[in-house]
Structures are given as C-alpha cells and as structure tokens.
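Peer 1: Read off the chains here:
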Amino acid sequence: MRRRFGLLLVLPVLAAGCASMGVEPWERDVLAKDEMQLTTDEIEAATDDHIYFSKEASSGGRGFGGGGCGCN
Amino acid sequence: MSRKDKLTISTALAAATCSLLGTSLPAIVDAQEEGDWDFNTSILYYGEDNDRVKDYSVSAIAKRMFVDDRILSLGLTVDGLTGATPSGAIRQEVAQTFTRPSGNDAYVVPAGELPLDDTFKDTRVALSAAWQQPWGDRNLINVGASLSKEYDYLHLGVNARIARDFNQRNTTLSAGFAYSSDQLEPVGGAPMPLTPMLDVGDTSNRSGDQDKDVLDLILGVSQVINRDLVVQLNYSFSQSDGYLTDPYKVLSLVDGTTGDTLLRTPTGPGVEGPSHQFLFESRPDERTKHSVYAQAKYYMNGKVLDASYRYMTDDWDIDSHTVDLRYRIPFADTRYIEPHLRFYTQSEAEFFRLSLPDSQPLPSYASADYRLGDFDAITIGAKYGWKTRNDKDMSVRVEWYQQSGSVPSGQIIGNQAGRDNYPDLAALIVQFSYRF
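Chains as they are written, first to last, in the working numbering: chain V, 1 to 72; chain F, 1 to 436.
These are computed hints drawn from the structure, not numbers from a lab. Certain hints may be false.
Said to hold, decoys possible - Dumping the calculated SDA-like pairs for lysine to any residue here, alpha-carbon to alpha-carbon at most 25 Å:
#1 V/K33 - F/W37
#2 V/K33 - F/K387
#3 F/K387 - V/E35
#4 V/K33 - F/K383
Claimed, not checked - Covered stretches of chain F (in silico footprint by chain V; criterion: 3 or more residues with CB under 8 Å from a CB of chain V, positions within the stretch not fixed):
#5 164-170
#6 281-288
Model, not experiment: these values are computed from the prediction. Positions of the beta carbon are idealized from the N, C-alpha and C atoms, including for glycine.
All chains should be built: construct the whole structure from the sequences, respecting the hints.
Peer 2: Next comes the structure, spelled out in structure tokens:
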C-alpha cells in the first residue's frame with residue numbers, strides 16, 4: 001500500500017522536473033495538429049474502452065471509460 | 001443535412017442535455033452566441049466467431065463551442081446485442097441440459113461442445129452530456145453526467161475533472177472523479193450465490209434487484225517534451241461495491257476423481273431441468289483497482305507514433321499489462337493509414353475455478369467466467385482515413401481481436417485433462433466514422 005501512495009508523491013516531483021522541458025508558444029504548430037492530440041478520435045476511444053471492458057478484467061487508465069453496462 | 005435540420009437536432013440535443021445536467025433550457029439557449037455544432041458519428045460491427053456475441057452499434061457525439069472556449073458535448077450510443085456467451089459450465093462427453101436464466105425454459109448443449117447460453121439478446125441506449133469551460137487563466141473544468149439502460153441494467157453516473165496548466169502550458173496537471181450508481185435487474189431474479197441451478201419453474205433461490213456503486217479517481221500529468229513529443233502519465237483508483245457477481249454464470253460441480261460433472265435428475269415426472277449439477281457463481285462484493293497509464297505521441301516528419309502502456313492490479317489478485325501502438329502514415333495530402341497493434345495479458349482472479357470438486361468444501365467465492373481467467377489477447381488492424389470533397393473527415397477501421405487462455409494445471413481434474421477447457425475468442429471489429 002505504501003508503494004501505491006508513493007506514486008502520488010512522484011507526480012508533483014515529475015511535474016517540477018518537467019519545468020525545464022517544453023516549447024515556446026510560437027513553437028506549437030505541430031502539437032496543435034489534430035493527430036497530435038492525446039485522444040484523436042473520441043468515439044473510437046470510447047468504443048475500444050467499451051469492447052475491452054466487456055471482454056477483459058481491466059478498464060480505464062486513459063480516462064474513466066468503459067463502464068456503465070451490464071456486460072461485465 | 002440542411003441548416004434547419006441541424007437546428008432541430010441542436011434544440012433536441014440541448015433539451016436532452018438539460019435534463020441530464022439538471023439545468024433549465026433557456027440558460028443553455030441564451031448561451032448560443034456563436035459557433036456551430038460539430039458531429040462525430042460512427043457505425044460499428046463487432047462479431048465473435050462460433051455464433052457468439054454480435055454487436056451492431058451507432059454512436060454520435062455532438063459538440064457546440066460557445067464564446068470563451070466553453071464547450072457543450074452530448075453523446076448517444078445505441079447497441080443491439082445478440083448471440084451466445086459461455087455459461088461457465090465445462091464440456092462433457094454427453095449432452096447437457098440447462099435451465100434458462102429466466103427459469104421458464106430449458107436448452108440442450110450437444111456432447112463435447114462448450115456450454116453457451118444463447119439467451120443473450122439486448123438493446124442498450126447510452127446518453128452522456130458534458131460541459132467544459134476555462135476557470136481563471138490556467139484551469140479547465142469539465143463536468144458530465146451519463147445514463148445507460150439495458151433490459152436488465154440501469155447505469156447513472158456523474159463525473160468532474162479539473163486541469164491546470166503550468167510552465168507556459170507545457171505541463172498540465174489534472175484530477176478527476178467519476179461516480180456511478182448502477183442497478184441490476186437480472187432476468188428471472190438474481191440467484192443466491194453458490195446455490196444450484198433448479199428445475200424450470202422453480203425460482204426459490206432467486207432474489208430481487210441488486211445494485212453496485214463504482215467510484216473512480218484519476219490523477220494525471222501531461223508534458224510537452226519538445227516540438228514533436230508530448231507524454232502523459234495517469235494514476236487511477238477504482239472502488240466497486242455491491243453486487244459484482246454475474247447472475248448468468250455458473251460452475252460445474254464435478255466428481256473429485258474423474259472431473260466429470262455430477263449427474264442430476266429433475267425432481268418429478270414431466271419436469272424439465274438441468275441434467276447435471278451446476279452452481280451459480282459468487283464474487284466478493286468489493287473490488288479495488290489501481291492502474292498506471294503512460295502514453296507518448298511522437299511526430300516524425302508527418303508520421304505520428306502513438307504508444308501507450310497500462311499496468312493494472314487489483315485486490316482480486318488480477319494483474320494486467322496492456323501495450324497499445326498506433327502509427328499514422330499520411331499520404332496523398334488528405335489521406336492516411338494507421339496500423340494498430342495491441343497486446344494484453346492478465347493473470348487469473350484468486351477465486352477463478354474451472355469447476356468445483358465435490359470432494360472439497362465449497363469456497364466462499366468462485367467464478368468460471370473466462371474474463372477472470374489467465375489469458376493473453378492481441379488486436380491487430382488498421383484504419384484508413386480521408387477527407388471528403390467538402391473537407392469532412394471519414395475513416396474506416398478493421399481489426400481482429402484474439403484471446404487465448406489457459407487454466408492453472410492444479411485445477412484440472414481427471415478427464416478434464418484431455419479437453420479444451422478455455423473458451424478462446426476471436427472477434428472482427430469494423431467501424432466506419434464520419435465527422436461533419
């Protein structure tokens with residue numbers, strides 16, 4: 001259990017370490033493209049979450065997705 | 001679609017959202033100051049081999065942008081499900097008779113075949129609504145509600161998420177929760193755990209409706225590394241409480257030496273009922289899951305690699321690893337092809353049992369649901385996307401999903417050794433999407 005709470009502490013540390021990375025606002029041309037968004041196709045992502053929630057014992061991760069049905 | 005049609009749909013969608021979010025219609029209508037609706041629609045076919053589950057599904061997400069980057073998002077999905085699903089009972093060298101979940105009828109599974117329950121037929125309607133808006137200079141909040149209804153299941157959920165930008169918007173921290181309250185209304189009533197499948201017409205071991213609550217929490221950080229690379233790391237916690245058993249799954253009660261399912265005779269002449277002894281499954285009424293999800297998107301001269309990994313562990317003793325890879329290759333200006341590979345592996349739940357031997361006392365919890373077993377799965381496929389003449393996005397994807405599992409050798413008794421004990425699964429997924 002301690003290891004799991006440890007993870008919560010790691011996130012802000014990572015965030016602090018990230019301060020030296022990144023781009024200037026005028027360098028966001030590539031990152032602004034549709035295909036560079038973390039989720040490019042919402043319906044496809046929701047479909048996959050739903051299928052795998054129904055057929056496997058794991059769900060979520062990327063977001064909450066998958067639940068809300070009697071299929072598992 | 002004409003402008004007038006779009007407005008009618010918009011008004012209907014706005015009214016549906018208002019009822020989901022519990023707000024009054026005029027407030028939303030007043031906010032329609034500029035912008036237009038954006039529709040993301042899809043038709044899906046999901047079909048398993050050997051006459052198992054088939055799902056025909058249509059989905060739509062409608063989005064409307066208001067001033068100040070406020071976004072209303074509405075979703076609708078309708079699923080039509082048919083087909084057969086493994087009941088949990090094991091194969092036998094003789095035919096087996098089962099009482100249907102309704103308790104009103106019986107069906108026979110031929111000798112040597114995997115027992116499938118072919119009563120599975122359902123229509124599911126799911127609605128969702130979400131409102132997103134900036135809060136202050138660096139925060140983005142998102143609140144939503146969801147509802148879905150099947151013949152034997154009702155889901156109601158709410159969720160909220162807040163994201164805050166740091167470091168010239170190169171770092172985003174987010175936190176969110178989702179809570180759902182679901183009600184199960186199993187056909188024929190929920191069976192008492194580990195009680196036997198009874199004759200047709202005998203409902204003495206059935207109880208009424210059941211419910212379950214699920215609380216999900218998520219913490220995440222996303223980071224722009226450089227002009228071509230962005231990464232994300234999420235931690236999720238999920239707590240389920242209530243009726244987590246599958247009311248339609250059973251286990252075979254077997255002879256401790258031969259491994260064959262014990263015979264049974266219906267209680268009277270002219271009475272239909274199970275030919276063998278089957279017990280309804282039993283799962284704990286609590287489950288806690290933890291997962292870590294990492295994703296990277298990397299732009300390489302027009303091509304985009306999307307790679308993610310998820311580790312999940314829970315207090316049912318299931319651990320899983322998932323790797324998902326997509327590689328988008330553009331060509332001819334407005335077209336792309338995106339191969340997709342996904343690998344999944346999970347260990348079995350501590351209470352997974354192929355069958356229950358009569359030589360041992362009954363455990364508190366037991367399930368033969370293959371989805372709680374030890375298996376690997378692979379998805380392989382590709383998506384092809386293009387722009388239409390009027391600059392709309394269309395795509396079609398075709399994927400093949402294959403599961404293959406195994407039963408722990410210590411659980412295989414006598415004659416079970418020579419049988420195919422794990423119901424492997426193969427499914428074809430075809431999805432057509434159109435955005436306008």
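Peer 1: Run through the hints listed earlier and report the numbers of any the structure violates, in increasing order.
Peer 2: As far as the earlier hints go, only 6 is violated by this structure.
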